[in-house]
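Chemist: Listed here are the chains, written in short residue letters.
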Amino acid sequence: MVESNVNMKKVRSESTWYLTWLRFKRNKLALVGLGIIIVIVLIAIFAPVLAPYSPDEQHLKDRLQPPSSKYLFGTDEFGRDLFSRVLYGSRTALLVGIVVVAISATIGVTLGLISGYFGGWVDEIIMRTVDIVWSFPALILALAIVVILGPGLINAMIAIALVGWASYARVVRAETLSVKEELFVEAARSIGESDLRILVSYIFPNVLSSILVLITYNIPSAIITASSLSFLGLGAQPPSPDWGLTIATARRYLTLAPWYSIFPGLAIMLTVLGFNFVGDGLRDAVQPERVG
Amino acid sequence: MGVILKIEDLYVDFKTERGLVKAIDGVTLEVKEGEVLALIGETGCGKSTISKAIMRLLPKNATVRGKIIYKGKNLLELPESEMRKIRGKEIGMIFQDPLTSLNPVFTVSNQMEEMFKIHKLPTRKSIFEEIVNLLKIVRIPDAESRAKSYPFELSGGMRQRVMVAMMLSSNPSLLIADEPTTALDVTIQAQIMNLMLELKRNFNTTILLITHNPGVVAEIADRVAVMYAGQIVEVAPVKEVFDNPLHPYTRSLMRALPKGHKTERELENILGRVPNLLTPPPGCRFHPRCPFADERCTGGKPEIKEVEPGHFVACYKVGGTRNE
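Sequences listed follow chains R and D, in order. Taken in order, the first sequence gives residues 1 to 292; the numbers are from our numbering. Taken in order, the second sequence gives residues 1 to 324; the numbers are from our numbering.
Calculated directly from the structure, the hints in this document are not laboratory data. Hints are supplied without guarantee of correctness; some may be wrong.
[As the list claims (entries may be wrong)] Quick look at which bits of chain D chain R covers, simulated, 3 or more residues with Cβ under 8 Å:
| hint | stretch |
| --- | --- |
| 1 | 86-92 |
| 2 | 97-105 |
| 3 | 115-121 |
[Said to hold, decoys possible] Derived pair list, reagent style EDC-like, types lysine to aspartate or glutamate, alpha-carbon separation capped at 16 Å:
| hint | chain 1 | residue 1 | chain 2 | residue 2 |
| --- | --- | --- | --- | --- |
| 4 | D | 60 | R | 181 |
| 5 | D | 52 | R | 181 |
| 6 | D | 60 | R | 186 |
| 7 | D | 52 | D | 179 |
| 8 | D | 85 | R | 123 |
| 9 | D | 52 | R | 123 |
| 10 | D | 60 | R | 195 |
| 11 | D | 301 | D | 9 |
| 12 | D | 305 | D | 8 |
| 13 | D | 301 | D | 42 |
| 14 | D | 60 | R | 123 |
All figures in this text were calculated on a predicted structure; none of them were measured in a lab. From the three backbone atoms N, C-alpha and C, an ideal C-beta is built for every residue, glycine too.
Put together the whole structure using the sequences plus the hints.
Modeler: Take a look at the structure:
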């Protein structure tokens, strides 16, 4: 009897998320990705502690220095320490990732749930809007929106979110269409649940895993798009240590100081890679449980 | 015994790409308070459509005509908000597949809590204690820890018990059980059936049991309604249906049943096939397969008549077929 009680406790802890984590853990690449993300998040948080100089501190005597023990990644045209700036740049990158995902996921998931659950003309309007958004290359559309809103990091984030919601809407709609046919949804209606409650407590939690996978893919693509906009001068403005902006400035000194563009470029690449590894791992970990 | 649910002249059509499917064709049926009425028929004959029509859970492409009167109210005319109060509280429903009828991301107690919240059920103790108590009533062992389990950690029989326990919480007057044991093992089937019988005895719950399993019917039903292709062909007390079936369809159905003591006999089958409900045969829908059919059967739909006390049949030939 005592034995069986112990077993019960063990069984109870095996929630769906725990099982997903167990599967995720087996994927080495995903763990590497998770490690990279954790390191970047820590860097963003502790940038003031880790950075040897302030990102804006100019050492006019040491302009465009190559990497050395004094300036780990070298310096830029104002003698600012590139290592410190790359560290601080992680803040912008993560901020972009988080804000864009928050806005586009909120819009996209809400519209996708409504579209899939209610169907009819509401569905028609939402999905045709998605088609329109999707008919433009993401960067071009974001570019157009930023041009209308005016350049700047915040506007760039809004623009990327206004493009990004469409994929959430489409994925969530498709998932909702299949989940709403499940017997437990009918059972929920048969005990008197309202449509809103069914959407929030029955359908949303059951499409959440796909949303999470989408989010981990969406963060790096948002970071890349934001960097591209900054590179084009429409995103982050000087003197921000944004990676994309840094690369744009570095372009002018490419022959003179090649390290200038390499380090922020590597930073973007590592961040994106980390999130993509996690996204792949998460997708594989989430998929098998969907059957049962 | 009063009549708790009266279905009058119910028609349900489904609009599909291939045309109008006339799934329910003029069904009239009474469910008496405190009884177990079994609705029996082949797969696709409209049993589940009737249960969904009662709950107003039919898909959007369905059009419903007729009346479904529950305790004096026509359910088909109630506003959706009123209907929600009836679902679960007044009329409960148990589904065929317990494996998928619980939300996979909720624990058992979360799920059962919903009943208490939606219908603001009175509780003497905490909701959790009430839930554990209900789980004990349906004989779920180790109820406390089971309440905290997720559905996928429970067996099919266990999940069906949870569904029954959920229904117990609001103690509905009418319980619609749509093939509640089809997906379960035979031993578990009997346990669930007994559980439902206990419900009926202890709480005077009326049960509308939908099944295609005559064995289950013989065990627990008081009366039986036999459906064929969207029409009710015979309604009678359970003993009558098995010992003295009058409608040719019911008779063939009974002959198709294996009986333990008549092993030498080969089982009969019913010739022909179930009609396509896009273009149902005119008149009695059984006539193309009926050995006794004549011109009259193809002309108009036979009315359901009481031919013996409590024994209703919809067949022009009833007198003739009985004594042949």
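Chemist: Please flag the earlier hints that this structure goes against, numbers listed from lowest up.
Modeler: 8, 9, 13
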